[in-house]
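Residue numbers (this note's numbering), protein chains in the order written: chain U, 9 to 59; chain B, 70 to 311.
Everything labelled a hint here was simulated from the structure, so no lab data went into it.
One or more hints might be untrue.
[Said to hold, decoys possible] Cβ-to-Cβ under 8 angstroms is the rule here; a few derived chain U residues that face chain B:
(1) R19
(2) Y21
(3) V24
(4) Y25
(5) K27
(6) L29
(7) F31
(8) G34
(9) I40
(10) L41
(11) V45
(12) V46
(13) S47
(14) M52
[Said to hold, decoys possible] Below, a list of computed lysine-lysine pairs in the DSS-like style, where the Cα atoms sit at most 27 angstroms apart:
(15) K240(B) to K27(U)
(16) K240(B) to K20(U)
(17) K159(B) to K13(U)
(18) K240(B) to K159(B)
(19) K159(B) to K14(U)
Quick caveat, the model's predicted, so the values are computed rather than measured.
We put the beta carbon where it would ideally sit given N, CA and C, even for glycine.
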Amino acid sequence: MSHHKKAPEPRKYPPVYEKILPFLFGAIAVAILLLMVVSLAVIMGWFPNSR
Amino acid sequence: MNFFNSALPFLSSIISFVFAAFVFQRYARRRRSHLLLWGLGLVFYGIGGFCEGYYGAFGWNPLIFRLWYLFGAILVAAWLGQGTVYLLAKPRLANFLMAILGLASIYAVWRVFSAQLDPSLLTSSLHTGSELSGHAIVTPGVRVLTPFFNLYGTVTLVGGALYSAFLFWRKRVLLHRTIGNVLIATGAMLPAFGGTFSRMGVPGALYLGEFFGVILMFIGFVRATTPMGEKMEFVASTSPGD
Chain U
9 MSHHKKAPEP RKYPPVYEKI LPFLFGAIAV AILLLMVVSL AVIMGWFPNS
59 R
Chain B
70 MNFFNSALPF LSSIISFVFA AFVFQRYARR RRSHLLLWGL GLVFYGIGGF
120 CEGYYGAFGW NPLIFRLWYL FGAILVAAWL GQGTVYLLAK PRLANFLMAI
170 LGLASIYAVW RVFSAQLDPS LLTSSLHTGS ELSGHAIVTP GVRVLTPFFN
220 LYGTVTLVGG ALYSAFLFWR KRVLLHRTIG NVLIATGAML PAFGGTFSRM
270 GVPGALYLGE FFGVILMFIG FVRATTPMGE KMEFVASTSP GD
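Given these sequences and hints, build the entire structure.
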């Protein structure tokens, strides 16, 4: 008789969140970068109509 | 009364004050510094929205403008972000940053209330005068304060919410807090986007950003403080954490 200890299964969120959350993290990170670039461009006056 | 220039900011203001009441209620039970600062930040958000709505509905008033610039343009993001600093940083660091923010805020009060104003500048260039903007401030050295406060506020509020969400997600625990923090991070970015697009001449961008921003942050706060599958109940909640 052998006792095989099963490795505990990694915790998981429900499948829909497992799919959506990484995408959302990426989208927010891209949005932060975009915000920084656009804000810098506005401050520097790179947009012709910016105030 | 124009919807975009008066009703929308008034709505944002009402939502902010209701949101602030929820946060203060939670603070009354838990006595955590971050809740007090978030509540104050939301009151500032509400004052800003009220002033925008007042200007859209009734026109120029120097006191309303000064209140808007101080609370709505300078202080709101930084004070909300300081709440997140108290939640995530060591108390000593949070107190140190709070002292700097407090002194900087007093300086901002003095500069805004002693600044010379010219409302005719609101209608110059691209700006139609239908939305409030800092252009009415003539005195140099006042508007330059705003980016410093807003950069600190956006980095701490958005960054803090995203960091919290990432920690919960990595450990696959407390799903409601992961979702809540993602919503808070998204909502906190919207006014910043709105302000940027407003400066690019997109009409209504700032007020729309503020409106949807406070709604998303409110939903995020409710989600983060309510475990999944349970009734949304603030008063009876006894779960640890914030």
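Results for each hint:
This hint holds: R19(U) has a C-beta 4 angstroms from the nearest C-beta of chain B, less than the 8 angstroms allowed. Interface restraint check: Y21(U) against chain B, minimum CB-CB distance 5 angstroms, threshold 8 angstroms, status holds. Given hint, V24(U) at the interface with chain B, is violated; its Cβ is 11 angstroms from that chain's nearest Cβ, farther than 8 angstroms. For Y25(U), the shortest C-beta to C-beta distance to chain B is roughly 6 angstroms, which falls under 8 angstroms, so the interface hint holds.
About 12 angstroms separates the beta-carbon of K27(U) from the nearest beta-carbon of chain B, more than 8 angstroms, and the hint is not met. The interface hint given for L29(U) holds, since its Cβ lies 6 angstroms from the closest Cβ of chain B, which is under the 8 angstroms cut-off. The beta carbon of F31(U) comes no nearer than 11 angstroms to any beta carbon in chain B, farther than 8 angstroms, and the hint placing it at the interface is violated. With a least beta-carbon distance of about 11 angstroms to chain B, the hint placing G34(U) at the interface is violated under the 8 angstroms criterion.
At its closest, the beta carbon of I40(U) sits 7 angstroms from a beta carbon of chain B; the interface hint therefore holds under the 8 angstroms criterion. For L41(U), the suggested interface contact is broken, since its CB lies about 11 angstroms from the closest CB of chain B, more than 8 angstroms. A hinted interface residue such as V45(U) counts as satisfied when its beta carbon comes closer than 8 angstroms to some beta carbon of chain B; here the least separation is about 10 angstroms, so the hint is violated. Interface hint status for V46(U): upheld, as the beta-carbon distance to the closest one in chain B is roughly 5 angstroms, under 8 angstroms.
With 8 angstroms as the threshold, the beta carbon of S47(U) comes within range of chain B, its nearest partner Cβ sitting at about 5 angstroms, so the hint holds. The restraint placing M52(U) at the interface with chain B is violated, with a minimum CB-CB distance near 12 angstroms, outside the 8 angstroms limit. A C-alpha spacing of about 16 angstroms is found between K240(B) and K27(U), which places the hinted pair at or below 27 angstroms, so the restraint holds. For the suggested pair K240(B) and K20(U), the alpha carbons sit about 9 angstroms apart, so the restraint of at most 27 angstroms is met.
A threshold of 27 angstroms between alpha carbons decides the hint, and for K159(B) with K13(U) the separation of about 40 angstroms lies outside it, so the pair is violated. For the hint linking K240(B) to K159(B), the alpha-carbon distance of about 22 angstroms falls within 27 angstroms, and the restraint holds. Restraint check for K159(B) and K14(U): not satisfied, since their Cα atoms lie roughly 39 angstroms apart, outside the 27 angstroms limit.
When the structure is compared with the earlier hints, violations turn up for hints 3, 5, 7, 8, 10, 11, 14, 17, 19 and for no others.
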